[in-house]
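Going by the working numbering, 86 is the number at position 65 of the sequence shown; the sequence numbering is gapless.
By construction, these hints were calculated from the structure, which means they are not laboratory data. Mixed in with the good hints, there may be bad ones.
[Unchecked claim] Taking lysine-lysine and the PhoX-like style, the derived pairs with C-alpha atoms no more than 25 Å apart in a straight line are:
1) Lys78 with Lys191
2) Lys410 with Lys233
3) Lys204 with Lys178
4) Lys178 with Lys144
5) Lys226 with Lys243
6) Lys133 with Lys226
7) Lys315 with Lys370
8) Lys288 with Lys339
9) Lys133 with Lys158
10) Lys274 with Lys243
11) Lys113 with Lys191
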Amino acid sequence: MSIKNNHLTTPEYQENFTDIHPPFETQDAALIEANRCLFCYDPPCMKACPTSINVPKFIKQITTDNIKGSAHTILSSNIMGAGCSKVCPVEKLCEGSCVYNFMHETPISIAKLQRYSTEIAIKNNWQLFKRKPATGKRVAIIGAGPAGLSCAHGLSKEGVDVTIYEKEDKGGGLMTYGIAAYKVTPEFCEAEVNYITSIGGIEIKHNQELGKDISIEELQQKYDAVYLAFGVGLARQLEIPGENLTGVVDAIKFIYELRTNDFSSIKVGDKVAVVGMGMTAIDAATQAKRLGAKEVTLIYRRTQEEMPCTEHELNIAKLDGCAIIWLASPKEVLGKEGKIVQLVCDVMKLGEPDASGRRSPITSGETFTMDVDMLIKAAGQMPFENLVKSNQIENNKGKIKVEDASVTNLKGVFAGGDCVNGGKEVVDAVQAGKDGAAAILNFIFK
(Lines of atoms letter the chains of each structure in order from A and count residues from 1; the text may use other names and numbers.)
(Lines give C-alpha, C1' and ligand atoms only; values in the text may rest on other atoms or scores of the structure.)
Protein backbone atom coordinates (compact mmCIF):
# COMPACT_ATOMS: atom_id res chain seq x y z
CA MET A 1 0.00 0.00 0.00
CA SER A 2 1.16 3.54 -0.72
CA ILE A 3 -0.15 7.01 -1.32
CA LYS A 4 -0.23 7.71 -5.02
CA ASN A 5 -1.99 9.68 -7.70
CA ASN A 6 -3.45 8.81 -11.11
CA HIS A 7 -5.86 6.26 -9.63
CA LEU A 8 -8.54 7.02 -12.22
CA THR A 9 -9.01 8.18 -15.79
CA THR A 10 -10.07 11.71 -16.67
CA PRO A 11 -13.67 10.64 -17.52
CA GLU A 12 -13.89 8.83 -14.16
CA TYR A 13 -12.78 11.94 -12.29
CA GLN A 14 -15.34 14.01 -14.21
CA GLU A 15 -18.10 11.58 -13.33
CA ASN A 16 -17.09 11.32 -9.67
CA PHE A 17 -16.91 15.06 -9.16
CA THR A 18 -19.94 16.14 -11.13
CA ASP A 19 -22.59 18.31 -9.46
CA ILE A 20 -24.08 16.31 -6.58
CA HIS A 21 -27.21 18.49 -6.56
CA PRO A 22 -28.02 19.11 -10.24
CA PRO A 23 -30.33 22.03 -11.06
CA PHE A 24 -33.77 21.84 -12.63
CA GLU A 25 -33.37 20.73 -16.23
CA THR A 26 -36.28 22.79 -17.52
CA GLN A 27 -38.33 25.83 -16.55
CA ASP A 28 -41.43 23.63 -16.35
CA ALA A 29 -39.75 21.45 -13.73
CA ALA A 30 -39.02 24.51 -11.60
CA LEU A 31 -42.59 25.77 -12.01
CA ILE A 32 -44.08 22.43 -10.99
CA GLU A 33 -42.01 22.37 -7.81
CA ALA A 34 -42.68 26.04 -7.03
CA ASN A 35 -46.42 25.48 -7.33
CA ARG A 36 -46.26 22.83 -4.59
CA CYS A 37 -45.51 25.59 -2.06
CA LEU A 38 -48.37 26.40 0.31
CA PHE A 39 -47.11 29.99 0.77
CA CYS A 40 -47.55 29.75 4.51
CA TYR A 41 -48.43 32.73 6.66
CA ASP A 42 -45.65 33.23 9.24
CA PRO A 43 -43.54 30.66 7.33
CA PRO A 44 -41.31 28.37 9.43
CA CYS A 45 -38.83 28.05 6.54
CA MET A 46 -38.11 31.77 6.69
CA LYS A 47 -37.62 31.62 10.46
CA ALA A 48 -35.16 28.74 10.04
CA CYS A 49 -32.96 30.71 7.64
CA PRO A 50 -30.15 32.60 9.46
CA THR A 51 -30.41 35.36 6.81
CA SER A 52 -34.25 35.43 6.92
CA ILE A 53 -34.83 34.96 3.20
CA ASN A 54 -38.53 35.43 2.41
CA VAL A 55 -38.91 31.93 1.00
CA PRO A 56 -42.65 31.97 0.12
CA LYS A 57 -42.23 35.31 -1.65
CA PHE A 58 -39.34 34.23 -3.88
CA ILE A 59 -41.08 30.96 -4.72
CA LYS A 60 -44.31 32.82 -5.54
CA GLN A 61 -42.31 35.07 -7.87
CA ILE A 62 -41.03 31.99 -9.68
CA THR A 63 -44.60 30.79 -10.26
CA THR A 64 -45.40 34.13 -11.94
CA ASP A 65 -42.24 33.96 -14.07
CA ASN A 66 -40.76 36.93 -12.22
CA ILE A 67 -37.28 35.45 -11.99
CA LYS A 68 -35.56 38.80 -11.60
CA GLY A 69 -37.84 39.66 -8.69
CA SER A 70 -37.26 36.24 -7.17
CA ALA A 71 -33.49 36.67 -7.34
CA HIS A 72 -33.78 40.14 -5.81
CA THR A 73 -35.82 38.78 -2.90
CA ILE A 74 -33.17 36.13 -2.21
CA LEU A 75 -30.09 38.28 -2.68
CA SER A 76 -31.51 41.18 -0.66
CA SER A 77 -31.33 38.91 2.37
CA ASN A 78 -28.36 36.76 1.35
CA ILE A 79 -25.99 38.14 -1.28
CA MET A 80 -24.40 34.68 -1.46
CA GLY A 81 -27.78 33.02 -1.97
CA ALA A 82 -26.51 31.20 -5.05
CA GLY A 83 -23.64 29.56 -3.21
CA CYS A 84 -25.72 28.83 -0.13
CA SER A 85 -28.26 27.02 -2.30
CA LYS A 86 -25.50 24.49 -3.02
CA VAL A 87 -23.81 24.13 0.36
CA CYS A 88 -26.35 24.98 3.07
CA PRO A 89 -27.48 22.11 5.32
CA VAL A 90 -31.05 22.87 4.27
CA GLU A 91 -32.29 19.61 5.75
CA LYS A 92 -31.80 21.14 9.21
CA LEU A 93 -32.71 24.70 8.19
CA CYS A 94 -35.37 25.82 5.70
CA GLU A 95 -36.33 22.48 4.17
CA GLY A 96 -36.19 20.80 7.55
CA SER A 97 -38.77 23.30 8.77
CA CYS A 98 -41.10 22.99 5.77
CA VAL A 99 -44.66 22.18 6.88
CA TYR A 100 -44.75 19.26 4.46
CA ASN A 101 -42.49 17.41 6.92
CA PHE A 102 -45.31 17.45 9.46
CA MET A 103 -47.65 16.08 6.80
CA HIS A 104 -45.20 13.22 6.14
CA GLU A 105 -44.63 14.44 2.61
CA THR A 106 -41.51 15.54 0.75
CA PRO A 107 -40.60 19.13 1.67
CA ILE A 108 -40.38 21.82 -0.99
CA SER A 109 -37.00 21.80 -2.77
CA ILE A 110 -36.24 25.29 -1.50
CA ALA A 111 -32.50 25.16 -2.19
CA LYS A 112 -33.03 23.97 -5.75
CA LEU A 113 -35.54 26.74 -6.41
CA GLN A 114 -33.18 29.27 -4.83
CA ARG A 115 -30.41 28.03 -7.09
CA TYR A 116 -32.72 28.31 -10.10
CA SER A 117 -33.34 32.05 -9.64
CA THR A 118 -29.91 33.12 -8.46
CA GLU A 119 -27.94 31.26 -11.12
CA ILE A 120 -30.03 32.92 -13.83
CA ALA A 121 -29.28 36.30 -12.23
CA ILE A 122 -25.54 35.63 -12.12
CA LYS A 123 -25.44 34.17 -15.63
CA ASN A 124 -27.18 37.26 -17.04
CA ASN A 125 -25.27 39.61 -14.71
CA TRP A 126 -28.48 41.29 -13.58
CA GLN A 127 -27.60 44.37 -11.55
CA LEU A 128 -30.31 44.12 -8.92
CA PHE A 129 -28.82 46.66 -6.50
CA LYS A 130 -28.00 50.29 -7.15
CA ARG A 131 -25.09 51.80 -5.29
CA LYS A 132 -25.65 55.14 -3.60
CA PRO A 133 -23.27 58.02 -4.46
CA ALA A 134 -19.85 57.75 -2.85
CA THR A 135 -19.77 59.21 0.66
CA GLY A 136 -16.02 59.54 0.95
CA LYS A 137 -15.96 56.98 3.74
CA ARG A 138 -13.54 54.05 3.43
CA VAL A 139 -13.56 50.66 5.17
CA ALA A 140 -10.95 47.89 5.17
CA ILE A 141 -12.01 44.26 5.41
CA ILE A 142 -9.69 41.37 6.24
CA GLY A 143 -10.82 38.29 4.34
CA ALA A 144 -12.80 37.86 1.11
CA GLY A 145 -14.88 34.97 2.41
CA PRO A 146 -18.65 34.93 2.96
CA ALA A 147 -18.61 37.29 5.96
CA GLY A 148 -16.21 39.74 4.31
CA LEU A 149 -18.02 39.78 0.98
CA SER A 150 -21.41 40.15 2.65
CA CYS A 151 -20.15 43.07 4.74
CA ALA A 152 -18.50 44.67 1.70
CA HIS A 153 -21.68 44.49 -0.37
CA GLY A 154 -23.77 45.96 2.45
CA LEU A 155 -21.36 48.87 2.84
CA SER A 156 -20.96 49.50 -0.88
CA LYS A 157 -24.73 49.79 -1.35
CA GLU A 158 -24.59 52.76 1.02
CA GLY A 159 -21.81 54.51 -0.88
CA VAL A 160 -18.89 53.36 1.27
CA ASP A 161 -15.68 52.44 -0.57
CA VAL A 162 -14.37 49.06 0.54
CA THR A 163 -10.94 47.47 0.22
CA ILE A 164 -10.75 43.76 1.02
CA TYR A 165 -7.37 42.28 1.95
CA GLU A 166 -7.28 38.57 1.09
CA LYS A 167 -4.36 36.24 1.76
CA GLU A 168 -5.20 33.85 -1.11
CA ASP A 169 -5.04 34.65 -4.81
CA LYS A 170 -8.81 34.25 -5.20
CA GLY A 171 -11.80 35.45 -3.20
CA GLY A 172 -14.57 33.31 -1.77
CA GLY A 173 -12.85 31.97 1.33
CA LEU A 174 -14.35 28.69 2.49
CA MET A 175 -16.55 28.50 -0.61
CA THR A 176 -13.52 28.58 -2.89
CA TYR A 177 -11.00 26.60 -0.85
CA GLY A 178 -12.75 24.50 1.79
CA ILE A 179 -15.82 22.74 0.39
CA ALA A 180 -16.11 19.51 -1.58
CA ALA A 181 -15.53 19.91 -5.31
CA TYR A 182 -18.76 18.11 -6.18
CA LYS A 183 -20.78 20.79 -4.34
CA VAL A 184 -19.33 23.94 -5.87
CA THR A 185 -16.75 24.41 -8.61
CA PRO A 186 -13.97 27.02 -8.51
CA GLU A 187 -15.51 28.52 -11.64
CA PHE A 188 -18.84 29.05 -9.90
CA CYS A 189 -17.15 30.57 -6.84
CA GLU A 190 -15.25 33.03 -9.02
CA ALA A 191 -18.45 33.98 -10.87
CA GLU A 192 -20.25 34.59 -7.57
CA VAL A 193 -17.44 36.77 -6.21
CA ASN A 194 -17.38 38.78 -9.43
CA TYR A 195 -21.14 39.23 -9.29
CA ILE A 196 -21.02 40.50 -5.70
CA THR A 197 -18.23 42.99 -6.44
CA SER A 198 -19.84 44.16 -9.69
CA ILE A 199 -21.94 46.62 -7.67
CA GLY A 200 -18.82 48.79 -7.63
CA GLY A 201 -16.81 50.38 -4.87
CA ILE A 202 -15.24 47.08 -3.78
CA GLU A 203 -11.57 46.33 -4.41
CA ILE A 204 -9.97 43.01 -3.48
CA LYS A 205 -6.23 43.02 -2.87
CA HIS A 206 -5.00 39.43 -3.06
CA ASN A 207 -1.99 37.83 -1.39
CA GLN A 208 -2.27 40.24 1.55
CA GLU A 209 -2.07 38.47 4.90
CA LEU A 210 -2.81 40.04 8.27
CA GLY A 211 0.26 40.01 10.48
CA LYS A 212 2.55 39.58 7.51
CA ASP A 213 1.74 42.09 4.78
CA ILE A 214 -0.64 44.37 6.68
CA SER A 215 -1.44 45.29 10.29
CA ILE A 216 -4.59 46.39 12.06
CA GLU A 217 -2.86 49.57 13.27
CA GLU A 218 -1.92 50.50 9.73
CA LEU A 219 -5.48 49.95 8.51
CA GLN A 220 -6.95 51.93 11.42
CA GLN A 221 -4.89 54.93 10.32
CA LYS A 222 -5.90 54.68 6.65
CA TYR A 223 -9.60 53.77 6.94
CA ASP A 224 -12.69 54.92 8.81
CA ALA A 225 -13.32 51.38 10.09
CA VAL A 226 -11.91 47.86 9.89
CA TYR A 227 -13.85 44.59 9.68
CA LEU A 228 -12.12 41.34 10.61
CA ALA A 229 -13.41 38.29 8.73
CA PHE A 230 -10.37 36.05 8.42
CA GLY A 231 -12.18 32.89 9.52
CA VAL A 232 -10.55 29.85 11.06
CA GLY A 233 -8.25 27.40 9.41
CA LEU A 234 -5.81 25.81 11.79
CA ALA A 235 -6.46 22.07 11.90
CA ARG A 236 -6.84 20.61 15.37
CA GLN A 237 -4.03 18.13 15.98
CA LEU A 238 -4.60 14.65 17.42
CA GLU A 239 -1.64 14.90 19.81
CA ILE A 240 -0.77 11.19 19.45
CA PRO A 241 2.50 9.37 18.70
CA GLY A 242 3.30 8.98 14.99
CA GLU A 243 1.20 11.95 13.92
CA ASN A 244 4.09 13.35 11.87
CA LEU A 245 4.61 10.24 9.73
CA THR A 246 4.30 10.53 5.96
CA GLY A 247 0.71 9.84 4.94
CA VAL A 248 -0.87 11.72 7.86
CA VAL A 249 -2.48 14.89 6.49
CA ASP A 250 -4.86 17.65 7.60
CA ALA A 251 -8.32 17.60 6.03
CA ILE A 252 -8.12 21.35 5.44
CA LYS A 253 -4.93 20.98 3.43
CA PHE A 254 -6.27 17.92 1.61
CA ILE A 255 -9.43 19.74 0.47
CA TYR A 256 -7.43 22.89 -0.34
CA GLU A 257 -5.23 20.90 -2.72
CA LEU A 258 -8.31 19.39 -4.31
CA ARG A 259 -9.70 22.86 -4.92
CA THR A 260 -6.50 24.25 -6.42
CA ASN A 261 -5.09 21.38 -8.50
CA ASP A 262 -6.09 18.81 -11.10
CA PHE A 263 -7.69 15.75 -9.53
CA SER A 264 -5.12 13.49 -11.17
CA SER A 265 -2.29 15.25 -9.29
CA ILE A 266 -3.79 14.64 -5.83
CA LYS A 267 -2.21 11.76 -3.94
CA VAL A 268 -4.51 9.45 -2.04
CA GLY A 269 -4.02 6.13 -0.26
CA ASP A 270 -5.63 2.77 -0.93
CA LYS A 271 -6.79 2.39 2.68
CA VAL A 272 -7.72 5.75 4.14
CA ALA A 273 -8.91 6.58 7.66
CA VAL A 274 -10.62 9.91 8.38
CA VAL A 275 -10.86 11.11 11.98
CA GLY A 276 -13.96 13.20 12.71
CA MET A 277 -17.61 13.38 11.76
CA GLY A 278 -18.20 17.03 10.85
CA MET A 279 -18.88 18.40 7.38
CA THR A 280 -15.15 18.68 6.67
CA ALA A 281 -14.62 15.04 7.62
CA ILE A 282 -17.44 13.93 5.33
CA ASP A 283 -16.08 16.05 2.47
CA ALA A 284 -12.59 14.62 2.95
CA ALA A 285 -13.82 11.02 3.14
CA THR A 286 -16.11 11.16 0.11
CA GLN A 287 -13.53 12.94 -1.99
CA ALA A 288 -10.82 10.42 -1.05
CA LYS A 289 -13.18 7.69 -2.26
CA ARG A 290 -13.94 9.58 -5.45
CA LEU A 291 -10.22 10.06 -6.07
CA GLY A 292 -9.82 6.30 -6.18
CA ALA A 293 -9.18 5.11 -2.62
CA LYS A 294 -10.24 1.46 -2.31
CA GLU A 295 -11.29 1.72 1.35
CA VAL A 296 -12.24 4.81 3.36
CA THR A 297 -13.21 4.57 7.02
CA LEU A 298 -14.62 7.39 9.12
CA ILE A 299 -13.69 7.18 12.82
CA TYR A 300 -15.71 9.07 15.44
CA ARG A 301 -15.31 8.98 19.20
CA ARG A 302 -19.01 9.39 19.95
CA THR A 303 -22.18 7.78 18.57
CA GLN A 304 -24.31 8.74 15.60
CA GLU A 305 -26.66 10.68 17.87
CA GLU A 306 -23.85 13.13 18.75
CA MET A 307 -22.34 13.57 15.28
CA PRO A 308 -21.89 17.20 14.08
CA CYS A 309 -22.74 16.46 10.44
CA THR A 310 -26.29 16.03 9.17
CA GLU A 311 -27.95 12.74 8.32
CA HIS A 312 -27.96 13.85 4.69
CA GLU A 313 -24.18 14.34 4.67
CA LEU A 314 -23.64 11.00 6.40
CA ASN A 315 -25.72 9.29 3.73
CA ILE A 316 -23.52 10.79 1.01
CA ALA A 317 -20.52 9.10 2.60
CA LYS A 318 -22.39 5.82 2.96
CA LEU A 319 -23.53 5.87 -0.66
CA ASP A 320 -19.93 6.46 -1.71
CA GLY A 321 -18.97 3.28 0.12
CA CYS A 322 -17.30 4.81 3.17
CA ALA A 323 -17.27 2.63 6.29
CA ILE A 324 -17.92 4.10 9.74
CA ILE A 325 -16.59 3.12 13.15
CA TRP A 326 -18.42 4.73 16.05
CA LEU A 327 -17.01 5.08 19.58
CA ALA A 328 -13.37 4.95 18.52
CA SER A 329 -10.53 7.41 19.00
CA PRO A 330 -7.00 7.36 17.51
CA LYS A 331 -4.34 6.41 20.02
CA GLU A 332 -1.17 5.92 17.98
CA VAL A 333 0.03 5.94 14.37
CA LEU A 334 2.41 3.11 13.51
CA GLY A 335 4.90 3.47 10.71
CA LYS A 336 7.53 1.72 8.67
CA GLU A 337 10.39 3.55 6.98
CA GLY A 338 8.80 6.85 7.96
CA LYS A 339 5.40 6.06 6.42
CA ILE A 340 2.10 5.25 8.10
CA VAL A 341 1.10 1.58 7.96
CA GLN A 342 -1.34 1.14 10.85
CA LEU A 343 -3.60 3.10 13.15
CA VAL A 344 -4.22 2.04 16.75
CA CYS A 345 -7.54 3.20 18.21
CA ASP A 346 -9.07 3.21 21.67
CA VAL A 347 -12.55 1.75 21.97
CA MET A 348 -14.62 4.46 23.63
CA LYS A 349 -17.79 4.61 25.70
CA LEU A 350 -19.94 7.57 26.72
CA GLY A 351 -19.57 8.81 30.28
CA GLU A 352 -21.80 11.00 32.40
CA PRO A 353 -23.29 14.19 30.88
CA ASP A 354 -21.29 17.38 31.35
CA ALA A 355 -22.70 20.82 32.24
CA SER A 356 -24.12 21.20 28.72
CA GLY A 357 -25.85 17.84 28.96
CA ARG A 358 -23.55 16.20 26.41
CA ARG A 359 -21.99 12.88 27.35
CA SER A 360 -18.22 12.87 27.00
CA PRO A 361 -16.38 9.90 25.49
CA ILE A 362 -14.02 7.97 27.76
CA THR A 363 -11.81 5.02 26.96
CA SER A 364 -13.08 1.53 27.69
CA GLY A 365 -9.55 0.19 28.06
CA GLU A 366 -9.76 -1.82 24.83
CA THR A 367 -7.97 -1.08 21.56
CA PHE A 368 -7.99 -2.25 17.96
CA THR A 369 -5.55 -1.82 15.09
CA MET A 370 -6.34 -1.22 11.43
CA ASP A 371 -4.12 -1.21 8.34
CA VAL A 372 -4.02 2.21 6.68
CA ASP A 373 -1.69 4.04 4.33
CA MET A 374 -3.28 7.46 4.77
CA LEU A 375 -4.81 9.24 7.76
CA ILE A 376 -6.82 12.43 7.27
CA LYS A 377 -7.28 14.54 10.39
CA ALA A 378 -10.66 16.27 10.49
CA ALA A 379 -11.20 16.59 14.23
CA GLY A 380 -12.11 20.26 14.03
CA GLN A 381 -10.53 23.62 13.34
CA MET A 382 -8.97 26.12 15.69
CA PRO A 383 -9.02 29.93 15.62
CA PHE A 384 -5.89 31.91 14.79
CA GLU A 385 -5.19 32.42 18.49
CA ASN A 386 -1.68 33.82 18.18
CA LEU A 387 -2.76 36.30 15.52
CA VAL A 388 -5.69 37.50 17.59
CA LYS A 389 -3.75 37.83 20.83
CA SER A 390 -0.83 39.59 19.16
CA ASN A 391 -3.23 42.35 18.12
CA GLN A 392 -4.62 42.83 21.65
CA ILE A 393 -8.12 41.75 20.61
CA GLU A 394 -10.31 40.43 23.41
CA ASN A 395 -10.94 36.77 22.74
CA ASN A 396 -11.89 33.39 24.11
CA LYS A 397 -9.10 30.99 23.18
CA GLY A 398 -8.68 32.79 19.87
CA LYS A 399 -12.36 33.38 19.10
CA ILE A 400 -12.84 37.14 18.92
CA LYS A 401 -15.23 38.56 21.51
CA VAL A 402 -17.78 41.02 20.16
CA GLU A 403 -20.59 43.12 21.55
CA ASP A 404 -23.82 43.95 19.72
CA ALA A 405 -23.01 41.27 17.11
CA SER A 406 -19.88 42.87 15.66
CA VAL A 407 -18.09 45.39 17.91
CA THR A 408 -14.62 44.45 19.24
CA ASN A 409 -12.67 46.07 22.06
CA LEU A 410 -10.60 48.05 19.53
CA LYS A 411 -12.11 51.37 18.48
CA GLY A 412 -13.40 51.27 14.93
CA VAL A 413 -12.60 47.56 14.57
CA PHE A 414 -15.43 45.09 14.00
CA ALA A 415 -15.47 41.34 13.43
CA GLY A 416 -17.72 38.52 12.31
CA GLY A 417 -17.98 35.09 10.79
CA ASP A 418 -15.89 32.08 11.74
CA CYS A 419 -13.22 34.14 13.53
CA VAL A 420 -15.97 35.01 16.02
CA ASN A 421 -18.21 31.94 16.08
CA GLY A 422 -15.43 29.37 15.70
CA GLY A 423 -16.76 27.84 12.50
CA LYS A 424 -20.45 27.67 11.62
CA GLU A 425 -22.23 27.51 8.25
CA VAL A 426 -21.63 29.77 5.25
CA VAL A 427 -25.09 31.26 5.73
CA ASP A 428 -24.21 32.23 9.32
CA ALA A 429 -21.14 34.05 8.04
CA VAL A 430 -23.25 35.93 5.49
CA GLN A 431 -25.57 37.12 8.25
CA ALA A 432 -22.57 38.13 10.35
CA GLY A 433 -21.38 40.23 7.42
CA LYS A 434 -24.77 41.95 7.27
CA ASP A 435 -24.61 42.66 10.99
CA GLY A 436 -21.08 43.98 10.59
CA ALA A 437 -22.06 46.34 7.80
CA ALA A 438 -24.96 47.72 9.89
CA ALA A 439 -22.68 48.27 12.89
CA ILE A 440 -20.01 49.97 10.78
CA LEU A 441 -22.54 52.26 9.07
CA ASN A 442 -23.85 53.28 12.48
CA PHE A 443 -20.28 53.97 13.64
CA ILE A 444 -19.01 56.02 10.70
CA PHE A 445 -22.16 58.06 10.16
CA LYS A 446 -23.17 58.72 13.76
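Results of checking the hints against the structure:
1. Lys78 with Lys191: violated (34 Å)
2. Lys410 with Lys233: holds (15 Å)
3. Lys204 with Lys178: violated (29 Å)
4. Lys178 with Lys144: holds (21 Å)
5. Lys226 with Lys243: holds (15 Å)
6. Lys133 with Lys226: Given pair Lys133, Lys226 is violated - Cα atoms ~33 Å apart, limit 25 Å.
7. Lys315 with Lys370: violated (29 Å)
8. Lys288 with Lys339: holds (22 Å)
9. Lys133 with Lys158: violated (38 Å)
10. Lys274 with Lys243: Violated - the C-alpha atoms of Lys243 and Lys274 are around 34 Å apart, more than 25 Å.
11. Lys113 with Lys191: Measuring from Cα to Cα gives roughly 30 Å; hence the hint is violated.
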